[in-house]
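There are 2 protein chains.
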Amino acid sequence: MLRALRDTGSARVTELVAATGLSRPTVTAAVSTLTTDGWVEEVEATESDTPRMGRPARVLRFRADARHVLGIDVGPHKVYCAVADFNGTVVAHVRRDITSVTTHADLLDHVRLAIVRALDEAGVEPTSLAAVGVGTPGIVDERRGAIVQAPSVPGWNSLELARWLRQSVDCPVHIDNDVNLAVMAEQWIGAGSATDNLVLVQWGSRVGAAVLVQGQLHRGAHGAAGEIGFVDLAAEPQGVQPDGLGPLESAIGTAAIVRRARELGDITSRGAADVLAAATQGEQRALQVIDEVAAQFARGFAPFLAAIDPELVIIGGRITLAGETIRSRVAHHLQVRALATPRLELSALGDDAVALGAVKLAAADAEQRLLDSYMYLSTDGAGRP
Amino acid sequence: MLRALRDTGSARVTELVAATGLSRPTVTAAVSTLTTDGWVEEVEATESDTPRMGRPARVLRFRADARHVLGIDVGPHKVYCAVADFNGTVVAHVRRDITSVTTHADLLDHVRLAIVRALDEAGVEPTSLAAVGVGTPGIVDERRGAIVQAPSVPGWNSLELARWLRQSVDCPVHIDNDVNLAVMAEQWIGAGSATDNLVLVQWGSRVGAAVLVQGQLHRGAHGAAGEIGFVDLAAEPQGVQPDGLGPLESAIGTAAIVRRARELGDITSRGAADVLAAATQGEQRALQVIDEVAAQFARGFAPFLAAIDPELVIIGGRITLAGETIRSRVAHHLQVRALATPRLELSALGDDAVALGAVKLAAADAEQRLLDSYMYLSTDGAGRP
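In the order they appear, the protein sequences are chains D and F.
Per our numbering, the first sequence starts with residue 30, numbered consecutively.
Per our numbering, the second sequence starts with residue 30, numbered consecutively.
Everything labelled a hint here was simulated from the structure, so no lab data went into it.
Take a look, some chain F residues computed to stay more than 10 Å from chain D by CB distance:
#1 A47
#2 S61
#3 D94
#4 H106
#5 D114
#6 T132
#7 P155
#8 A159
#9 P183
#10 Q270
#11 S298
#12 A306
#13 R356
#14 S357
#15 S402
Simulated DEER-style distance windows between Cβ atoms:
#16 G268(F) / R372(D): 16 to 26 Å
#17 R288(F) / E171(D): 43 to 53 Å
#18 G38(D) / G50(F): 48 to 58 Å
Given the structure is predicted, the values throughout are model-derived calculations rather than measurements.
All C-beta atoms in this analysis are idealised placements derived from N, C-alpha and C, irrespective of residue type, glycine included.
One chain only, chain D, in its complex shape (with noise of 0.2 Å):
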């Protein structure tokens, strides 16, 4: 019944008894559950709503803002945190962009400060949290909510990152790698909803994807699969960089991106935004520098494309601010280099798709525990299961 009610957003109590086949002595009496318990209201028929004769029935609606999600997106660079109600809409969010982290309890801080600021902005209290899910870097055993991995995060590989943030929410917490929570958010309302073999390739100061296999993430068996940053393409390996970066993302990674806009003499860019949009409007340096990463992400992709093949990869992440130019430019390296092309999208997400994938994890996981908690209600009264 309360599915019936989420996916309509408001049913009278005939629409209720039709749609789950419970008697109406269920329904009324569930209804009455639900109201006491916070999740359902009863709200003034609008006109369309209103039987022409008789009295105005009942309308009821679920309330999604009964209770709240946390999405959080932690890396070395920025803590993004999105406040979202029971249906996954957000209704504030927090960025903190981080410019120098030596620690992880520097970056701790900033979660911490993040959390409170946007649950504030969005006026709810961490009590009414029903959970919290966590993007981050690297290689995460999601059951445990540890860190296995992470290079470019200082002091985060084995961290037991959602046993920490448990001592400032009441509440589960589920932890992810970043990009396996982006590409759930595209799987969930972006260019990824309509398949299901595809690849999400999150490039922004790091460089990372995810893959989708018949409609499932596949992780792998380390946890590591789509850890294309982390591709060596030298002939000689270079192995990970002193800032915890793999050759790769070093190499195509914003930074990168900045560094070399300089070289060609470029003295306005004030950082990667600067030389992306630049490229978008035509600029010359600025498009030398989209068409070389593009290039040499095409070069350590194609092999990595050889395993899945799948129907369609988006890019997403920081490098979309170069919109068509560089979705162009890849389709165009990889076109020569690989055997068989997918379709290429750019993320319409942008920088917030991991913080939704994230918010999406959690929402899910709020909603399947509501659901248990009411599960003799939908026995139709005999007891719980």
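Position chain F relative to chain D; hints supplied.
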């Protein structure tokens, strides 16, 4: 009941009644039908089969040799044809090495001759064939039984291979990519039987791979998943070579191994087999060649691994003549390039893997059709479903 007989090899009627849950009269009637059709025979009970008292029980045996299947491995350098009984046990095989093929008609002639000779050697009539399986390089449309794209075989593109073969044999013909079949053989009787997240690399004159995800062959959106041989590592893309080979297989395949050994002053080896054998004897030049191709392979394969993160990689094909030498050098070079390294094993099936996979493909189809044809017996005489 057929399955029960297949699984045990031989059984008494009493045992079949127990194993199937069918009534004794039903089992007896089924045995009679199957005996008439030639699938079951009565054999003398061995000593251990004979009860101490009472009359000797009838022991029934599934006649796996009642009909046969063919498994064919066809490529630009060889045709390998195996005749197997209904259990997939190979009873005869013929290998034709091909030194120069200029047209697809030439190659098809080799296939026709190999079939005739293999059947002759097995003493099997063409009319007694239940199914044929064929493995071929390239991208295959296995539903249509046609080759979509196979750059390494002259005239092979768009060839309706199954339709052509049905001119020579009077039974269903199934086509698949050769490496896909090799991985099925590994799952069936090889190194991959305990793992359902694995990559098989078939490394000979060509280099291809097949990917199992969750125990299922991952074909990809265009049937091109696993085409590692076409990976292009050069900064300036090389594309498909004049001889139809992809850039990577051109650099590390058996022809390149012989070429490189010659460059290093090897004047005794007549072919790749000699160089590979020399490496197992610790010959320095051969070891250097193995190390060089292992390094190049790892460079192209590491990004491929980054997509899949398999638990196990099996190396198969002619390269396995170099034994532990090639395995350990590949392991070494992957170790320094891959974020997560899989277990690495050599295939024990060697050059037979593709033909064995083709046998398995044919046997599985033949068994399914046999079971379907007797389906009504398993519904306890209640008629066809």
